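Enquirer: Listed below, chain by chain, are the residues.
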Amino acid sequence: MNGDMSDARRAGQGAGQGTGPGDVLVAVEDVYKHFPIKQGIVFKKEIGRVHAVDGVDLQVRRGETLGIVGESGCGKSTLARCITGLHQVTAGRILFEGDDITRLGKAGLKAFRRDVQMIFQDPYGSLNPRRRVGSIIGDPFAVHSIAGGAERKRRVQELMELVGLNPEHYNRFPAEFSGGQRQRIGVARALALKPKLIVCDEPVSALDVSIQAQVINLLKDLQDELGLTYVFIAHDLSVVRYVSDRVAVMYLGKVGEAAEAEVLYGRPRHPYTAALLSAASIADPDEAERAERIVLTGDVPSPIEPPSGCRFHPRCPKAADRCVREDPPLVPREGDPPDHVTACHFPVEPGERLAHKHAAIAQVSTQPELPEVEE
Amino acid sequence: MSSYTDLEAQEVDPTAGTAPARVQGRTPFQLAWARFRRDRLAVASIVVLVLIAIYAILAPVWAHLTGHPYDATFPKTGLDVNGQPRGPSGTFWLGADQLGRDVLVRAAYGARISLLVGILSAVLASIVGTLVGVLAGFVGGAMDTLLARLMDMTLALPYLLVAIMLATTFQISSVGASLTLTILVIAFFSFAAFGRIIRGQVLSLKQKEFVEAARSLGSSNARIMFVDILPNLVAQVTVLTSLLIPTSIVFEATLSFLGVGVRLPMPSWGSMLGEGSDVFQTAWWLLAVPGVLLLLTTLSFNLLGDGIRDALDPRGDRATGGK
Ligand SMILES: Nc1ncnc2c1ncn2[C@@H]1O[C@H](COP(=O)(O)OP(=O)(O)OP(=O)(O)O)[C@@H](O)[C@H]1O
Ligand code: SF4
Ligand SMILES: [Mg+2]
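Here the protein sequences come in this chain order: S and W.
Position 68 of the first sequence, counting from 1, maps to 68 under our numbering, and the rest follow consecutively.
Position 240 of the second sequence, counting from 1, maps to 240 under our numbering, and the rest follow consecutively.
To be clear, the hints were calculated from the coordinates, so they are not data collected in a lab.
Keep in mind that this is a model prediction, so the values were computed, not measured.
Ideal placement from N, C-alpha and C gives every residue a C-beta, glycine not left out.
The reader is advised that the hints may include incorrect statements.
[To be verified] Computed, partial: chain W to chain S, Cβ under 7 Å:
1. 208
2. 209
3. 210
4. 213
5. 216
6. 217
7. 218
8. 228
9. 231
10. 232
11. 236
Generate coordinates for the entire structure from the input sequences, incorporating the hints supplied.
Expert: Shown next as structure tokens:
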């Protein structure tokens, strides 16, 4: 099949040439995506903007899975849509194999869309209810005029087998499949063009827990077989840990910390990461004993007017004056490996107990009575 | 790296196939038809409509059988000694009107007009409404603003006044021209409401993840519109059109009642009602015949439309609302 050629070339050139495994496939450089809030009927006046993505730097290396975690509304999906070219970025660059995709023309964009695919969260909404499964999975072939007729059908059925669907069900409608099977249909569609990057936006959060594992394992197996690169978005920390090589933690449109998964989970430096990890149910009972839950005060601030300086400061147990004034850069902190970057002036030290300090801060913070409880 | 073909052997997950072994998936249309057939009211309304259609189509046959052409007057047999219309009898099955014309024959010709005008103007309005709605919703921007304002303006016009004004300005006297004008007027005043609903539908479809999925695959706008959006509008358009037919029939009857619809001597239910209302105390059949026919027809079309809607869009089957 003709796809093998490019695979061979990819493998043959190796690292150093910029096309081997481990080199940077996608570089997100200082990307902003703001949604204007408009008022008025005829002359729409901008009265504010949602800072959905607000200066993000990230790199995705070929063959790896980059996990992105963060609370709801922190801009994960918006970032994903910027990377896949579904959103026009407000500012910044996104380099895909060195080319800036924010400046692609029509033809360039169409070629780019072959290389990058997306798997969506909602297995119901992401499949057209009025089209047959065969036609949905075959859509990429039709759009890019790659295969038609019997050839398309054969390829679609191969894909269906690949993702564990019965190829006989080619003529069925999405409504006739379960949630997990529909997500497999979405995976098959994403694989059709042998993309270089697949962005999975919470691909399993809509599924039953038992089904989640099946779909995650399918994605992992496919990655091993086909050498895929994933950006994997989730709000479930354990899922992200299981699938990711590296993890980035987002907070209010920015990356707070990024590192290799084991490093990040083992030795978080950003107070927000530490808080997230302490809040998550910890499987290891020894660890659970040792860990104290850091209760974050207040709600996530509005992305319309993010806080000054470090945007975590209203909720941070370690916040100081400097945090209100100065936005901390996302750089490696003392004692960390170079790819462990943290945006914090006062990174958490190993063994530091944030939960205790928290009470002291609470008295000076704007919310006087906060629930210092452990449930 | 291997191609997908080499992998299929290892990759098949035996637990993943669809559990219930159904022979062949039924299309949404087949499912809808199965549901529709179980809807007694809808089926009954189809029967009524078919009967009325047969009655209308056979209008010349009734004229031939009774020997009463629709515009011929029979003062001797149709009127009594006082010049009052005679009621239903062996010669005039449904009675005669003030001029001694056969109500049965005239009502059959009136049915032709009602069905013709109702269906044609509803179809015309739905074609224009769908086009405008899809264009406004899908293209958006300035196009949307323009078309949305146009629809608002149309809806704000006092339709009866405009219709009367048009009819008097053009001084149309031929039956054919008045028929065309009536259809155009009705379609013009119905497309906007139709277009608005379709526009809303398109706007919500545009937000669906499957449209984003198509876009991320590289589908062109035209392809998204025809392959992804339009098929999802078919149900809505069908239902709206079937519900627009009775409205248009009543619209036509209103115009003809006021004398600005289809021109005489071509009978229409509306003009028959208008003429009959003068003498209805002595000749009830002059109102009853066209009135009951009008009621039966519009009621049946409404029930049919409801039936189609329920069959096409059962809330249970479509958990697709999703996010
Ligand atoms: N098209 C849009 N127009 C206006 N605001 C938007 C749009 N899309 C997203 N937003 C806003 O941007 C912010 C980030 O949204 P986003 O969907 O990226 O968050 P998320 O991290 O994916 O959250 P979730 O976990 O709930 O999916 C939110 O405040 C959201 O309301
Ligand atoms: S910079 Fe300050 S406010 Fe921000 S996370 Fe670090 S300590 Fe907390
Ligand atoms: Mg999201």
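Enquirer: The structure should be examined with respect to each hint, and the outcome stated for every one.
Expert: Hints and how they fare:
1. 208: Holds. Min distance 5 Å.
2. 209: This interface hint holds because 4 Å falls under the 7 Å limit.
3. 210: Given a least distance of 4 Å, the restraint on residue 210 of chain W holds.
4. 213: holds, 5 Å
5. 216: Residue 216 of chain W check passes; min Cβ-Cβ to chain S is 5 Å, inside 7 Å.
6. 217: holds, 5 Å
7. 218: holds, 4 Å
8. 228: Interface hint status for residue 228 of chain W: holds (6 Å vs cutoff 7 Å).
9. 231: Cβ of residue 231 of chain W sits 4 Å from chain S, so the hint holds.
10. 232: holds, 5 Å
11. 236: With a minimum Cβ separation of about 12 Å from chain S (threshold 7 Å), the hint on residue 236 of chain W is violated.
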